[in-house]
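Chemist: Going line by line, the protein sequences match chains A and B. For any residue, its number in our numbering is found by taking its place in the first sequence, counting from 1, and adding 762. For any residue, its number in our numbering is found by taking its place in the second sequence, counting from 1, and adding 762.
Calculated directly from the structure, the hints in this document are not laboratory data. There could be a bad hint or two in this list.
For chains that are exact copies, the list does not tell them apart, and a pair is met inside one copy or across any two.
[Claimed, not checked] Derived BS3-like pairs: lysine-lysine, alpha-carbon spacing no greater than 30 Å straight-line:
hint, residue 1, residue 2
1, K945, K894
2, K894, K1010
3, K953, K853
4, K953, K894
5, K945, K853
6, K1010, K853
There are 2 protein chains.
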Amino acid sequence: MANVEMLTNGQFQAVYNVLSLALAAMGATTIFLLVVQARVLPRYRVAVVVSAMVCLIAAYHYFRIFNSFSDAYVAIEAGAPGVQDSYQLVKGVGFNEGYRYVDWLLTVPLLLFETIAVLALPRAVRSSLLWKLIPASALMIILGFPGEITNEIAPKAVWGALSTIPFIYILYVLFVELSRAAKSQPNQVGKELAGLRWLLLATWGVYPISYMFPMFGLDGADSFVYRQIGYSVADVLAKCLFGLLIYKIARIKSFDDDPAFEAQETKDIPVKKADASA
Amino acid sequence: MANVEMLTNGQFQAVYNVLSLALAAMGATTIFLLVVQARVLPRYRVAVVVSAMVCLIAAYHYFRIFNSFSDAYVAIEAGAPGVQDSYQLVKGVGFNEGYRYVDWLLTVPLLLFETIAVLALPRAVRSSLLWKLIPASALMIILGFPGEITNEIAPKAVWGALSTIPFIYILYVLFVELSRAAKSQPNQVGKELAGLRWLLLATWGVYPISYMFPMFGLDGADSFVYRQIGYSVADVLAKCLFGLLIYKIARIKSFDDDPAFEAQETKDIPVKKADASA
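Based on the provided sequences and hints, a complete structural model is requested.
Modeler: This is the structure in structure tokens:
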């Protein structure tokens, strides 16, 4: 997709600040998850560590995206000196949208991996689910890219439609096959898992909508700004919030597996006992 | 090898994004392996830590390669402002391919070291294998370099052939001598080890093929782009995926050595017992 030529001061600031917000959120979630991963039973740690890696990879890409964006535009003065009225695309630099696709190519398979890993399913079930989800997710992203970089409507629609096929397959595996496999999970985990899947559906839904903006004739600076904000907010929810939910599920399952661990980690049980005896 | 004078926008973006992808993958795998190395028995940890160091060294070099590449070319406008039609080599800067050879000189011996280390063979066997593999791998890379930097076909072929001799010797040691030494490994480890060797053969095979491009008359910008993508993808597989397989083997061997450790680290055993009794 060709870069937008001109942004108003407000448009530039909105994108600039939301990109920085995403970078800060990704970085902090990375460190948080790395520090707390030891607070779940060993069998759930890989899910939490992989969640941290997703945020780390995204933090790296937001750092690159932020720099690419701020290098790509230069303020043009109009009116009183010092008042920047607009931002002009710098010739020969350009804002690289490719980073987002590289990021998704690495992080989306990992997000699906952590979703499966946190359930500690029997090895054969886990392996079968991953062999379905991970290739499908890579295919979904690879098929979307040619549509993202073109400005023509027809190929955009074709690539978008092709990319939707693996997306629907992933939803089928997550909502039908995974439900079957996760039946034996504790009640509270079932609820959290449902939340995880709906979060995934809601945030991943932002990407195709943003992708289709140019097909609806939304093609100017406003569309660009909404797309950047939409992608960034969706990324923060799909990676940071998602990672924190993975950690929450890992905690619930750890407590469910080992009451002694729960007693040590929370004060709930001893406090209640003390209250009852008092 | 002389740098390519001109790249189209698409060619430049492809190399730029694949270099960034490799950097992100190497960095995240480094941190991941450093965090999870404690999750194998102490006797296997050195193999996992060395795998992390391989990824760290490669991350450093991809950072340098990425910067070297993006500094070496400048966008040239042709047509509408903001539309980058091509990238021109900046005079007096140049893209440094030497980083790749320095990287391989450090990481290839370490990759062979981690392959042997994770098997926890008897000291004498391990030492004998390493004394064969490590000097051969250094020789292989040193002999390849003069052929890489020349544009003439004859010396390229001679250095390539010389470099192939230690390569074939390494394959002999890995596929014949190592098989003999690893006979007493658990079944599952035998399978993983076979996977490791084939991954090594498949990824290392990319390097001589890329090296030979100019000998087949593939010498322009396309050849340059395919070579960069080929090297980068091969590096990600040969270092990140390879390191993760080393970790997997270390886990399998840890579980095999100590069932109590397995029970604590996975839920497979307790879950099955619980299901059976339910």
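Chemist: Can you give the numbers of the hints that this structure goes against, from lowest to highest?
Modeler: Those not satisfied are hints 3, 5, 6.
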